[in-house]
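Q: Listed below are the residues making up each chain.
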Amino acid sequence: NAGVTQTPKFRILKIGQSMTLQCAQDMNHNYMYWYRQDPGMGLKLIYYSVGAGITDKGEVPNGYNVSRSTTEDFPLRLELAAPSQTSVYFCASMFGQGSDLAYEQYFGPGTRLTVT
Amino acid sequence: AQTVTQSQPEMSVQEAETVTLSCTYDTSENNYYLFWYKQPPSRQMILVIRQEAYKQQNATENRFSVNFQKAAKSFSLKISDSQLGDTAMYFCAFIPKWGGNKLTFGGGTRVLVKP
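As given, the protein sequences belong to chains H and V, one line each in that order. Residue numbers are given in my numbering: position 82 of the first sequence equals residue 82, and the series is strictly consecutive. To get my numbering, take the position in the second sequence, counting from 1, and add 1000.
Derived from the structure by calculation, the hints contain no laboratory data. Ideal Cβ positions, reconstructed from N, Cα and C, are used throughout, including at glycine. Check before you lean on any hint, since a few could be wrong.
Unchecked claim - Chain H residues, not near chain V, derived (Cβ > 12 Å throughout):
| hint | residue |
| --- | --- |
| 1 | N1 |
| 2 | K14 |
| 3 | N30 |
| 4 | Q37 |
| 5 | L43 |
| 6 | A52 |
| 7 | T70 |
| 8 | D73 |
| 9 | L78 |
| 10 | P83 |
| 11 | M94 |
| 12 | A102 |
| 13 | Q105 |
As the list claims (entries may be wrong) - Between beta-carbon pairs, the in silico distance windows are:
| hint | chain 1 | residue 1 | chain 2 | residue 2 | range |
| --- | --- | --- | --- | --- | --- |
| 14 | H | G63 | V | Q1002 | 36 to 44 Å |
| 15 | V | Q1002 | H | V50 | 46 to 54 Å |
| 16 | V | K1078 | H | K9 | 45 to 53 Å |
| 17 | V | Q1002 | H | M27 | 22 to 30 Å |
| 18 | V | N1062 | H | A102 | 40 to 48 Å |
| 19 | H | T70 | V | T1020 | 39 to 47 Å |
| 20 | H | E59 | V | I1046 | 30 to 38 Å |
| 21 | H | T70 | V | E1015 | 21 to 29 Å |
| 22 | V | A1016 | H | K57 | 43 to 51 Å |
| 23 | V | Q1056 | H | T70 | 12 to 20 Å |
Claimed, not checked - With a straight-line cut-off of 20 Å between C-alpha atoms, the simulated DMTMM-like cross-links for lysine to aspartate or glutamate are:
| hint | chain 1 | residue 1 | chain 2 | residue 2 |
| --- | --- | --- | --- | --- |
| 24 | H | K44 | H | D26 |
| 25 | V | K1102 | H | D73 |
| 26 | V | K1055 | H | D26 |
| 27 | V | K1102 | V | E1061 |
| 28 | V | K1102 | H | E72 |
| 29 | V | K1073 | V | E1029 |
| 30 | V | K1078 | H | E59 |
| 31 | V | K1070 | V | D1086 |
| 32 | H | K44 | H | E104 |
| 33 | V | K1097 | H | E104 |
| 34 | H | K44 | V | D1026 |
| 35 | V | K1114 | H | D26 |
| 36 | V | K1114 | V | D1081 |
| 37 | V | K1055 | V | D1081 |
| 38 | H | K9 | H | D26 |
| 39 | V | K1102 | H | E79 |
| 40 | V | K1070 | V | E1029 |
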């Protein structure tokens, strides 16, 4: 298993540009998450999904959009990039209740995004 | 709503010694899971240890062990025989067992292991 994969690893955007951060998992997890981590800080939840076709906002959703058309993929879209979105973005996934491994979140390696 | 508090922003420890990180949480749930995650300088988030609230026995994983005090809502992590590779940020996290779909993270504790 590759686990949780994220692309790209690094990206520099100009203000106002848009991009999509890709996330995929091959563990058949039903729950998937997007977090951002600013320098020296903890994780903040942007969006999450409890299954294909279902998404919900986290604590910092403004400026982002997500979709979940398949169990495996959960892309994060940045529209009109702003310097405040400079951060490291982590995707994560987990089984929900009913599994012996329930609630253990597995993280991707992160995408370092700079907006200038 | 649940909250998770890590009161020690930074800690340092000599190689081969033991360090204990504190974590307290606030919840009205009776059944839940607690986790410690490690984030080394590579930024990869790594699950260190997991504790289920209904289990009395404290979880252990090699040199990592927890002291889970349910009544006190305390979940400390002990790192024994510290190694240079243990240098990292450590995050405590909570999720309720029933209906839980989001982890609540603490603010993190930076651990520096000195040679």
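Q: Please work out if K9 (chain H) and D26 (chain H) have their alpha carbons no farther apart than 20 Å.
A: Given pair K9 (chain H), D26 (chain H) holds - Cα atoms ~19 Å apart, limit 20 Å.
Q: Verify this label for me: A52 (chain H) is non-interface relative to chain V, using a Cβ-Cβ cutoff of 12 Å.
A: holds, 15 Å
Q: Non-interface claim for Q105 (chain H): all C-beta distances to chain V beyond 12 Å?
A: violated, 6 Å
Q: Taking 40 to 48 Å as the stated bounds, is the beta-carbon spacing between N1062 (chain V) and A102 (chain H) within them?
A: violated, 23 Å
Q: With the threshold set at 20 Å, check whether the alpha-carbon distance from K1078 (chain V) to E59 (chain H) stays at or below it.
A: violated, 31 Å
Q: May I ask you to check that N1 (chain H) keeps its beta-carbon over 12 Å from the closest beta-carbon of chain V?
A: holds, 15 Å
Q: Is the nearest CB of chain V more than 12 Å from the CB of D73 (chain H)?
A: Given a closest Cβ separation of 19 Å, the condition holds.
Q: Report holds if the minimum CB distance from N30 (chain H) to chain V is greater than 12 Å, and violated otherwise.
A: violated, 10 Å
Q: Could you check the hint for me, namely that T70 (chain H) and E1015 (chain V) are 21 to 29 Å apart, CB to CB?
A: Cβ of T70 (chain H) to Cβ of E1015 (chain V): about 46 Å, so the range 21 to 29 Å is violated.
Q: Is 12 to 20 Å right for how far apart the beta carbons of Q1056 (chain V) and T70 (chain H) are?
A: violated, 41 Å
Q: Holds or violated: K44 (chain H) with D1026 (chain V), Cα cutoff 20 Å?
A: At roughly 19 Å apart (the allowed maximum being 20 Å), D1026 (chain V) and K44 (chain H) satisfy the hint.
Q: Grab the minimum beta-carbon distance between L78 (chain H) and chain V and tell me whether it stays above 12 Å.
A: With a cut-off of 12 Å, L78 (chain H) remains clear of chain V, as the shortest Cβ separation is near 19 Å.
Hint check: violations occur at hints 3, 4, 5, 11, 12, 13, 14, 15, 16, 18, 20, 21, 23, 24, 26, 27, 30, 31, 35, 37 and 39; the rest are consistent with the structure.
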